[in-house]
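Per our numbering, the sequence shown starts with residue 1, numbered consecutively.
For the record, the hints were derived by calculation from the structure and aren't laboratory data. Don't be surprised by glycine CBs; every beta carbon is placed ideally from N, CA and C. Possibly wrong hints are sitting among the right ones.
[To be verified] Here are the simulated distance ranges between beta carbons: (1) Pro98 / Glu271: 38 to 48 Å; (2) Asp265 / Pro131: 33 to 43 Å; (3) Ala97 / Arg21: 42 to 52 Å; (4) Pro156 / Gly268: 42 to 52 Å; (5) Ala55 / Asp139: 41 to 51 Å.
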Amino acid sequence: MTAPSEIPSRRPPARPATRRRDALELETLRGPARLERSPHGHLELQPRPTPEALATYYREAFYQQDHASYLSDKQAQRDYWDAIWSIRRELMEAVLAPTARRLLDVGCGGGFLLDHFRTHGWSVTGIEPSPSAVAWARDQLGLEVVQGELLDLEPPGSEDPAAFDAIHCAQVLEHVLDPVACVERIASLLRPGGVAFIEIPNDFSVLQEVARARLDKPAWWVAPGIHLNYFDGDSLPRLLARQGLEEIDRIASFPMELFLLMGDDYVGRPEVGRTCHAKRMAFETAMIEGGRRETLARLYRSLAAAGMGRTLGLLVRKEG
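Starting from the given sequences, assemble the full structure and let the hints guide the process.
Dropping the structure here:
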């Protein structure tokens, strides 16, 4: 196993300026959509769903209907995901004290990442709105998971033993009505010097825009009614910094749009998308099992600096 010190954290290089528009009217796979620039710099879907409709969807339909096989698929792919999560865990461990091992996973799903961290000696807690996912985490994995939303958690004092050393929040901020309040709550739940790994879809990326223009596609990554917020590598770190969360590293994930530009058109074709995902998994598994995990991490840091990669993950540290 690669030692934590072999995946060092580092500040990201300066990035080129990006074009910014205050409003976008787009065609998507789900029909037309309007996005407006928020005062915080990210794009927001308009109009917004009601809080009641959103809560009902994630409580009753997200896993039960739209992602019915997600939990079983994730379980079947555990070896792969454990290898990917080990990179994130080691990034956190490299900047935390050896005794700082209390983790909260926001939107933890079936608890698979929590189980990975627990296996490596961490004390773990999750919060998840879906009762079916919570039941999986509790019954299948024996995990401590709270059913609810992040804003349901009352912030302890920063020196309180209930505060967390680390928070993992992957692909959550795009789904919530108030991402600013969620970031504020993450900061309040962390101890001074604690870290958070925040991952977002890397939407409106270089590769997406090239593929959309070259292949005459709609903005397939915009998901009206599901993804309400669209951050990028500039707006997210600014929002985090306002809450005293300093970026210390950033890392992308595999740039799935490469498949589009090489002839594998997965837009609106789930069966092609599954084949592309399997190829991506095969590449990353070969790199990790071949002892090249640090090389893979360096590649994904470089992609993040270039604005590429299907997702963007920021490692941030709370001041103090």
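Self-check item: Violations among the numbered hints, reported as their numbers in ascending order
Solution: The structure breaks only hint 5.
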